[in-house]
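Visitor: Single-letter residue listing:
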Amino acid sequence: MNSNAKLLVSQIKKHYNEFDGLYSTNKDNLNYKKYHDSVVNIFPLKSKKKVVLKLLDIQDHHVGIDYGCCSFSLLNYAAHSCELMLSCSNDAKKLFLMKNAVKNSGLNNCIFIRFDTDRDILFDNAFDFSILSFQMPKTFLKTEPINIGSLCNSLFLLELENSFKLAFNNLKKGGKLFFSFMNRFSYTNFFQKKDKYSCSFINRILISSGFSKIDIFASFPDNIEPERIIPVNKKNFTDFKASYNYRLGKSVTGRMFNKVNVIVDNIIFKYLKLYHLSPSFIIIATK
Amino acid sequence: MLVELISNSPHENNIALFKCYLNSCSFYKKVALSTEANLIIENEMRGYEYFYTLKGVENPAILTKKFFYEIDIPEFKGKKYDPEAKISGNEEMIEHIIDFYKKIWSTPSFFFIHGDLALCNVFSKTVSDFNVIDWEHFHYADKKYFGFDVIHMIFIALHNQIKKLNYINRRTKDFLKSCYRTLFSNFDINNALVNSPFQGSSVYIKNNRSLFKMSTDIEKKFVIAGYSQKELERLDYIFTD
Numbered sequence: 002m003n004s005n006a007k008l009l010v011s012q013i014k015k016h017y018n019e020f021d022g023l024y025s026t027n028k029d030n031l032n033y034k035k036y037h038d039s040v041v042n043i044f045p046l047k048s049k050k051k052v053v054l055k056l057l058d059i060q061d062h063h064v065g066i067d068y069g070c071c072s073f074s075l076l077n078y079a080a081h082s083c084e085l086m087l088s089c090s091n092d093a094k095k096l097f098l099m100k101n102a103v104k105n106s107g108l109n110n111c112i113f114i115r116f117d118t119d120r121d122i123l124f125d126n127a128f129d130f131s132i133l134s135f136q137m138p139k140t141f142l143k144t145e146p147i148n149i150g151s152l153c154n155s156l157f158l159l160e161l162e163n164s165f166k167l168a169f170n171n172l173k174k175g176g177k178l179f180f181s182f183m184n185r186f187s188y189t190n191f192f193q194k195k196d197k198y199s200c201s202f203i204n205r206i207l208i209s210s211g212f213s214k215i216d217i218f219a220s221f222p223d224n225i226e227p228e229r230i231i232p233v234n235k236k237n238f239t240d241f242k243a244s245y246n247y248r249l250g251k252s253v254t255g256r257m258f259n260k261v262n263v264i265v266d267n268i269i270f271k272y273l274k275l276y277h278l279s280p281s282f283i284i285i286a287t288k
Numbered sequence: 194m195l196v197e198l199i200s201n202s203p204h205e206n207n208i209a210l211f212k213c214y215l216n217s218c219s220f221y222k223k224v225a226l227s228t229e230a231n232l233i234i235e236n237e238m239r240g241y242e243y244f245y246t247l248k249g250v251e252n253p254a255i256l257t258k259k260f261f262y263e264i265d266i267p268e269f270k271g272k273k274y275d276p277e278a279k280i281s282g283n284e285e286m287i288e289h290i291i292d293f294y295k296k297i298w299s300t301p302s303f304f305f306i307h308g309d310l311a312l313c314n315v316f317s318k319t320v321s322d323f324n325v326i327d328w329e330h331f332h333y334a335d336k337k338y339f340g341f342d343v344i345h346m347i348f349i350a351l352h353n354q355i356k357k358l359n360y361i362n363r364r365t366k367d368f369l370k371s372c373y374r375t376l377f378s379n380f381d382i383n384n385a386l387v388n389s390p391f392q393g394s395s396v397y398i399k400n401n402r403s404l405f406k407m408s409t410d411i412e413k414k415f416v417i418a419g420y421s422q423k424e425l426e427r428l429d430y431i432f433t434d
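For the protein sequence lines, the chains are A and B, in the order given. Those letters in the first sequence? Residues 2 to 288, by my numbering. Those letters in the second sequence? Residues 194 to 434, by my numbering.
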């Protein structure tokens, strides 16, 4: 372990409580069972997910942090490529599952800490990269009372802005933040309520949080298991041709919708090049 | 460095292909996403090494062995072909590739198979100098399978043509026969593909799955393996007549 990582480990152990690994997983704990099934049962399908971390250009000597650690496979892949990985969450069941999974895969360079929601994780200029696995709230449909949606949205945005500021403070100069989200202005969400989570809106929050360089990537067909990632600001990228599956199931309707989506995607992105309508975005923000 | 994801595990092989832009240069990066995929990347590098050794030039591919392996491949200059390229319109190029194949593949004492040679995996710098990419299925083989790669390449182009036109015209039939004559002129008496090239190639793939490093359904990756023996027999008749 390099000196930077060693110093960080001693800092973590001094100021924060490492997750003790204690969590009840008995049959009555439906909360854990549900989470375990959602992560573990679909894990073999998740290797595709790892590609997104290539955008961070992780080096062997890097030290990274995963806020929320809600996706084990990203944490696992990042830990394989760097010196030290810190994972923090306020959710014991996530930490328990991931700590065990990391242990089983033979990794010993991950530290798990459970933090209080009232207390920030502060390590000024310590990390080379950050993964913000922040779950966007579901889009509120028009049928829902507008006041509930507005309330949740404002709370979420406040939290998002604070998270960006926290991530910025903890990154070294030149360090990178990974953040991905579904585009609410995509034509696939046309019938849903439009809210503020557009690419330009997130971009503005990132700039106001202090990030100097922001690279935006359009991600197809989604940001979870992308099959095509295109830098939006780059003009001469490889020719776009939609050939991916929208994972709408194998039913006749699912296959039909998939074909329609692929045709529409080819028209919008291959010929018209309207990338602000892409289904999801990945943002790499550099301090 | 700016990166663009071109494909992600297209055949469930846990390999992603990126295009990277650095200053004014661009190159491709193949990345393994699992430890099993590391072997495929390593195998691909071996393919490049042998190919460029035979060509007598320096291997431009660079292998990086991190926990997950990566291989950097330059963006080769020259004419590129669509994965859907047909025989019609590409006859001259196919003839040049057969000449190149005979020149490169015939010389060594050991014999190797590219495994997935297709027009879209060949870049022609000049009519007699080619770069070949996508060496994931590279392996050594018995020299009696000489011609496998060219047969595979012709079959893919023919498959694309049949799919689009639904029949094989007279001109294509004549061209196929001329390709067969060129490929197997001075052929080894022990050659296993000379009598029924398409059927023989399909059987070779099906019987040697492990050599092709295929973990998933081989018929989905190799179109020739998805054809019935009856269909291949009919195409063999046209090819060898």
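Think of the hints as simulated: they come from the structure by calculation, not from any bench. Please note that the accuracy of each hint is not assured.
[As the list claims (entries may be wrong)] Here are some chain B residues the structure puts well away from chain A; computed CB gaps all over 10 Å:
| hint | residue |
| --- | --- |
| 1 | Lys-212 |
| 2 | Lys-222 |
| 3 | Lys-259 |
| 4 | Phe-260 |
| 5 | Tyr-274 |
| 6 | Lys-296 |
| 7 | Lys-336 |
[To be verified] Residues on chain A that point at chain B, a partial pick, calculated with CB under 10 Å:
| hint | residue |
| --- | --- |
| 8 | Ser-48 |
| 9 | Lys-49 |
| 10 | Asp-61 |
| 11 | Leu-98 |
| 12 | Lys-100 |
| 13 | Met-183 |
| 14 | Ser-220 |
| 15 | Glu-226 |
| 16 | Pro-227 |
| 17 | Arg-229 |
| 18 | Pro-232 |
For each residue, glycine too, the CB sits at the ideal point set by N, CA and C.
Visitor: Does each hint fit the structure? Answer for all of them.
Guide: Hint by hint, here is what the structure shows:
1. Lys-212: Lys-212 (chain B) not clear of chain A: closest Cβ-Cβ about 6 Å, inside 10 Å.
2. Lys-222: Incorrect as stated: the minimum Cβ-Cβ distance to chain A is 8 Å, not above 10 Å.
3. Lys-259: 6 Å, violated
4. Phe-260: 4 Å, violated
5. Tyr-274: 14 Å, holds
6. Lys-296: 31 Å, holds
7. Lys-336: 37 Å, holds
8. Ser-48: With a closest approach of 5 Å, the Ser-48 (chain A) hint holds.
9. Lys-49: Hint holds; Lys-49 (chain A) Cβ to chain B Cβ min 5 Å, cut 10 Å.
10. Asp-61: 7 Å, holds
11. Leu-98: 21 Å, violated
12. Lys-100: 20 Å, violated
13. Met-183: 17 Å, violated
14. Ser-220: Because about 8 Å separates Ser-220 (chain A) from the closest Cβ in chain B, which is inside the 10 Å limit, the hint holds.
15. Glu-226: Hint on Glu-226 (chain A): holds, closest Cβ of chain B at ~7 Å, below 10 Å.
16. Pro-227: With Cβ-Cβ at 6 Å, under 10 Å, it holds.
17. Arg-229: 6 Å, holds
18. Pro-232: Holds, about 5 Å.
Consistency with the previously given hints fails for numbers 1, 2, 3, 4, 11, 12 and 13, ordered from lowest to highest.
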